[in-house]
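Single-letter residue listing:
Number of protein chains: 6
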Amino acid sequence: MRYLLEYAEGERVVAFCLVKAKEVGVTSSQSEYLNLELGDRSGTMTAKLWDVTEELKESIQVKSIIKIDAMVQNYRGKKQLVIQRVRLASPSDEVMMEALVPVSPFPVEELWAKLERYVGEIKSQVLQAIVREVLQDEEISGRLRQFPAGVKMHHNYFHGLLEHIVSLLTAAERLLPLYPHVEKDVLYATCILHDIGKLYELSDAVAPDYTTPGQLIGHLVMGVELVSGICRKLGIPLGQAEVLHLKHCMLSHHGDVENGWGSAVSGKTPTAVMFHYLDQIDSKMNALGQTLSEMGEEEWGYTGALRRKVWRGY
Amino acid sequence: MRYLLEYAEGERVVAFCLVKAKEVGVTSSQSEYLNLELGDRSGTMTAKLWDVTEELKESIQVKSIIKIDAMVQNYRGKKQLVIQRVRLASPSDEVMMEALVPVSPFPVEELWAKLERYVGEIKSQVLQAIVREVLQDEEISGRLRQFPAGVKMHHNYFHGLLEHIVSLLTAAERLLPLYPHVEKDVLYATCILHDIGKLYELSDAVAPDYTTPGQLIGHLVMGVELVSGICRKLGIPLGQAEVLHLKHCMLSHHGDVENGWGSAVSGKTPTAVMFHYLDQIDSKMNALGQTLSEMGEEEWGYTGALRRKVWRGY
Amino acid sequence: MRYLLEYAEGERVVAFCLVKAKEVGVTSSQSEYLNLELGDRSGTMTAKLWDVTEELKESIQVKSIIKIDAMVQNYRGKKQLVIQRVRLASPSDEVMMEALVPVSPFPVEELWAKLERYVGEIKSQVLQAIVREVLQDEEISGRLRQFPAGVKMHHNYFHGLLEHIVSLLTAAERLLPLYPHVEKDVLYATCILHDIGKLYELSDAVAPDYTTPGQLIGHLVMGVELVSGICRKLGIPLGQAEVLHLKHCMLSHHGDVENGWGSAVSGKTPTAVMFHYLDQIDSKMNALGQTLSEMGEEEWGYTGALRRKVWRGY
Amino acid sequence: MRYLLEYAEGERVVAFCLVKAKEVGVTSSQSEYLNLELGDRSGTMTAKLWDVTEELKESIQVKSIIKIDAMVQNYRGKKQLVIQRVRLASPSDEVMMEALVPVSPFPVEELWAKLERYVGEIKSQVLQAIVREVLQDEEISGRLRQFPAGVKMHHNYFHGLLEHIVSLLTAAERLLPLYPHVEKDVLYATCILHDIGKLYELSDAVAPDYTTPGQLIGHLVMGVELVSGICRKLGIPLGQAEVLHLKHCMLSHHGDVENGWGSAVSGKTPTAVMFHYLDQIDSKMNALGQTLSEMGEEEWGYTGALRRKVWRGY
Amino acid sequence: MRYLLEYAEGERVVAFCLVKAKEVGVTSSQSEYLNLELGDRSGTMTAKLWDVTEELKESIQVKSIIKIDAMVQNYRGKKQLVIQRVRLASPSDEVMMEALVPVSPFPVEELWAKLERYVGEIKSQVLQAIVREVLQDEEISGRLRQFPAGVKMHHNYFHGLLEHIVSLLTAAERLLPLYPHVEKDVLYATCILHDIGKLYELSDAVAPDYTTPGQLIGHLVMGVELVSGICRKLGIPLGQAEVLHLKHCMLSHHGDVENGWGSAVSGKTPTAVMFHYLDQIDSKMNALGQTLSEMGEEEWGYTGALRRKVWRGY
Amino acid sequence: MRYLLEYAEGERVVAFCLVKAKEVGVTSSQSEYLNLELGDRSGTMTAKLWDVTEELKESIQVKSIIKIDAMVQNYRGKKQLVIQRVRLASPSDEVMMEALVPVSPFPVEELWAKLERYVGEIKSQVLQAIVREVLQDEEISGRLRQFPAGVKMHHNYFHGLLEHIVSLLTAAERLLPLYPHVEKDVLYATCILHDIGKLYELSDAVAPDYTTPGQLIGHLVMGVELVSGICRKLGIPLGQAEVLHLKHCMLSHHGDVENGWGSAVSGKTPTAVMFHYLDQIDSKMNALGQTLSEMGEEEWGYTGALRRKVWRGY
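Residue numbers (my numbering), protein chains in the order written: chain A, 8 to 321; chain B, 8 to 321; chain C, 8 to 321; chain D, 8 to 321; chain E, 8 to 321; chain F, 8 to 321.
The set of hints was computed from the structure by calculation and includes no laboratory data.
Note that this is a predicted model, so its numbers are computed, not measured.
There's no promise every hint is true.
Note: identical chains are not told apart, hence a pair may lie in one copy or across any two.
Said to hold, decoys possible - The calculated DSS-like cross-link candidates involving lysine-lysine, where the alpha carbons are at most 25 Å apart (straight line), are:
#: 1; residue 1: K55; residue 2: K85
#: 2; residue 1: K86; residue 2: K70
#: 3; residue 1: K316; residue 2: K191
#: 4; residue 1: K316; residue 2: K70
#: 5; residue 1: K159; residue 2: K27
#: 6; residue 1: K29; residue 2: K64
#: 7; residue 1: K29; residue 2: K316
Model the full structure from these sequences, guided by the hints.
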């Protein structure tokens, strides 16, 4: 199977793809056409559908999955698809979402296995029980295997949040021996749960928007409430020191309150302070890494998450 | 019954009072004495206890209630107590805490009755149920009849928080007819519950410190969790729009996130935005009012909550 | 009489309207046409004038009032006017400006009557004399019956400033009983005069720009100077305490100097501090209200004055 | 005549001086004494008045001028006065205030003559008339010959404001040829009038406090109102471009509004922008110069106006 | 010789010019054309090249120098060139770069002579040696005769940096007599060297970009390193007080560190503090002057360097 | 050998210690005494020297090493030394500085061996040569075995900087495998050299002050200049990519320029961005660790480097 960006100019493409953007145009002879942005795992390409019927104009929407039969042409120096035939995908097509969107370079099952191993290393019975309960929840674990870590800042691709969690756990494991005042169990639980509220702050894994609860409450407090709900279910008192510490780390993981980045409290323990910086490192390395990959041989690129030009290095 | 500040120079005072501060001094002849700051409802006065015994030195502590027999003297232009006899108060003395600390000018039962009336006006069954459940909780209602609204910024006296709540409700009731997009039920519920977390963020009503959960979680999120706990108990879904709105107003009541004052989200509804300003007005009017009362005939005073000199007006 | 937005697709419109924006376009056959944005009280609609003559191209300008004979068509899902005939309005047409621009929902005479009532309640002879003198000035009272409160932030429509003033007075009246340290006369006078400088900071009521004095001096100081001029005229000493207090409230009504929003001094009295927050409430409720009205059934909208997405509530 | 700091240890001093600070102390034998800080033009010295009478304790106040007969002693490595005899100065003593406070190094008449010369160079009749009218006012010119430019930041000594003005005029004269877009007349008038409001913002020239109008209105707006009053008196229209420009420069001379330093508007002309920086240079050079003078041979000192350690240079 | 902007509508232009921007367009008949922005010393004009050949499409690039034969036409009220013939310039054309880009109004040799005179006035042998060594470097002096002071903020034209330096020296010379604590030699050396790093921070004098070292190190530190390198070459110890002072002034010339404008240290001497403000004056007067020149008769313009509308004055 | 804090009340102490603070007091009988703060490796204790001679008063200075014969007494609940006999230490006493000041818990030779190992892992010949050259310099390596990493923020004890460097290298080594875009050689060299300028920014290892070059240039630029000097010595071009990258990381290690913490440029590579956060983690974990150690059984303490109360955790 070949992906969109692998086709050369002049080739014919028959493939499933995802509609990322859609605009209706009118030619000088007053006939309507569609300007589409189509994407799959390999990236996105623009497409033209001339003389579009009313029916297609209605049925093809952003987030639709369609099957196209098209030619790759050159338009002002870039490849563009000219669609000859098109239809909506049906369930019987069995299209894998993983084929249609950018996806983490690490297989989901490999990440999940690592996650399980780290959970097993949490010695605190209370914290391990909480984490296990979260991960056994069918809805949560289902989402966690698919959701990105954000709309565009970092790990913004299929199961990107899971990758981010495992990456943080790995970093945490490696730094822990150096800083004896950091509490391993709390740090591991924070790595796993700090962004768990994003599974409900975002609408879906494919083309995520912010949900209403997400905008009104925010993922920090949503995550903390989820933890509290589980404590109640498991009969763990909310005032328990480990639970308090975990929630403190979650609520402070955006850094000092004074920065205005949305922490509800400033970090007041070595564990909370360290986690904030680990999270900064992991998210910024991912954002910078994406920029560097796209730059290829270019010496300079631009990373939105840092609002800055970045250098490839030597 | 007369209060401390009502005694004149030269008079003898026999009274109960609260120890607010304590320092051990040594005279040039190497004997020890106590410098105390004693307070009751009327305010505070310094006191000297010469030739203190080891036993008294140990037993008299900050927050102790003591009975003194003392003379009011003039020391560098100010009244000072010179204690002749002193003992710790015992339960049989039946000292009323209200007599020993500054207290709201409004009787607690009058405030509570008003609060009940406002609760009755909440039409949303969900919100009324939540508020009623909170106020019926014995521990919460007990604390609410005693706690200040803060350690020193505003309404920093016995049942000051209750006064603040009723004052906000009254202000809300009066402004609501002007702003039809504000939702009355949510606004009332927010007035009542926005600082409810302070009942657990602060240690006690007499000489409050911050508790450990208070410092790690903060009263905004503590309040929201209390509300969520009640919803679970009452079977109200957390995603219910009114509940979401109430929690949003609670989490945003310190103003825009960018200010760095600890809101977890910025207000995104007319109700949330208005409540923040009402809360600013009510707290600052209280702080300014205290300064103006203390200024007496002075033209200028100083209000710590505004970090600014303030003018008496004409 | 029907307004622009009340016409349906396919109908013919003969109406007066205001030119809000104008652009000259060229067709592929090199003939020129006009893209116009036309507005009246009900809102704005785009319009096309094909094959425009040189004369019309010159005479139709932004802020022109024109009479059109046009058809409502559908263009990419929105209503658009295609103009068949057009001419400039002449004085004999007796077009009412109120029909051509968005206008406060409250009749100007009703607002003025309320304003007069509040003026009557000012007990300070000095402050009442100042306020009466301002309102009796023909130019000022003429402008006050027309000017918006701003170019786009809030109350940005015909006699919006007057509505804002009356709304503030009403809010002030309602909150005053709660806060005894606030001086009613000064608060009322500040409500009326705080933005009076805007009548000269802005160029006109229909399509306001900033005037040169407005940009060089700003409406806070302009208003204070206007008050001082009137004091001189009436023989009121500038050092008089009430006058000083009024001017202090005017100069501090944008909040603390440190915020950098243009207050010349920070508020140092209960009256000044409260007024700033009342002004914030009234302006933001208006801005949010406009957004919510435009949103209709949408759950989320955007309010420029808050730079934020806003929620409709439940 | 010798000044306080010129006397050596062991010498007897008979001199007039100003009381800068006063504290009542009590010896271990319960007798009272005064700790004074006494000053004259040369600086300040501490003084002890043992066994003070009730009468002297009352009559000697901060800002009193007293005549002392005292011995210079060494107290912990520093010179200290021990007062033997003391009385309040009487009018017949004809003590010159200039002898009692730090004073500008430039004679007042020399500064005034320079000021007059610069006024004569203002070609704009309107601006020259305004400036002349200000300087001819008896009260203003009287104060201008005495007032400091501030309480402690810079030029904080007798006729310091006049020195600051002349220094700014000289700097302006020298830079004008380089920047042709700067308007000389406006710049000169701004140099002279920018801080004229300080003559009423401060209470007096000897030991200045902030006045009530000073704190409520601030010297920027006070100065602008003074200019407007003069325009009215002289029949100059307030909307006149030169007057507008002068007032704009006065209102913006604390820099950009966003800085939160109290400008009412940000500078929008070359003249306004340049003046702000000239004012910064002149005030900071004065503050730094004072620090360097006091440092003597020390390599490092501290300048409060910059909140920073400063270096003597090589 | 006439420059681009001196030609009137309808005239024929045969001239050399610089390509500032280039875009390929497609007509409705699918033929390609070029939209160009062409410039010379007088400014820029848009140009159309219809029916462009593949070869020209490739060879004409941004920064190319071309010779055109074109007609000036009116397009939507502005002059536009329609190119009939075009070719790339060749070395034999001997086009002077000064004819193709905006250039300082002061002749380079006049500026250089002034610079030499100021260097001669530096009395410190150490500082004079450093400055002379810099200016004798062939590469540096070559660049200094061509480079702008920046990409777009101020003195953004041919040998603009040299003009800025001489302007600063003149201002410094004029203010020095007023401020005796400022060290003339250090100030002069700082005027000359403060932006010397820009000669390597920017790529070239014609269409400057930031170089890689420029972005990674910045012109402040680059300049300081250049000075240190010269000290080593001349055998001047780096710890020498004058050298230390010069480097301090260079490193602090963007103002206080806390501003976040890139100073590595805050200015701690009168010389350093004054230089920062002189630099602000000179750069902002230049930026404002350019805006005012372009405004012509307009009352208001916009200066990007101040992010603000600016007024022409009276 | 026992340290100061190991002696109990009532014991006699004969020991060397360092004078950390000194104050001359006067008893009511006018005799002078010294209040000293004495310290050794274990911490500090206050001490009284009654009836001090003129000679001792002069010879005992801050930073003096003295030998005392004293009794440990209880003074207001704390241990205090009452000195019976005292003399200055002489070289023949052979007092080890390590015994007199707080010192890193890690032996210097162990740290140095680890440092050498990391240097050996730098594969880039250029970077390894630079690092080796720095470490072979006798003065630098001598200082590096003694200097703290700062006056009081973190690693503020004997050879604290060396401990900080080795700790950073260890952390870097552990995280490198996770982030492939980070350049190991540059990161290692930055760990070693980022604070190397502190060896000259601070005066000495025992009671460090800021040096004049330290205050005028700052340790970031001082370190970069040291690197450049070595490059010149070794014939490595300054424009070499690895050198540029190393210097970029050094100049940006205080975070974004906009923060105003003194970075000369903002980090623009994965290596620079990561290093900043690693440095934050290592310094804050050290500061927090010191607080937690001092807290003992207390639940809450205070960390100056974070300006915040900190929690012990569970």
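Here is what the structure says about each hint:
no.: 1; hint: K55 - K85; result: both (13 Å within a copy, 23 Å between copies)
no.: 2; hint: K86 - K70; result: within (22 Å within a copy, 27 Å between copies)
no.: 3; hint: K316 - K191; result: between (36 Å within a copy, 22 Å between copies)
no.: 4; hint: K316 - K70; result: between (31 Å within a copy, 23 Å between copies)
no.: 5; hint: K159 - K27; result: within (14 Å within a copy, 34 Å between copies)
no.: 6; hint: K29 - K64; result: within (10 Å within a copy, 31 Å between copies)
no.: 7; hint: K29 - K316; result: between (30 Å within a copy, 24 Å between copies)
In this structure, every one of the numbered hints holds.
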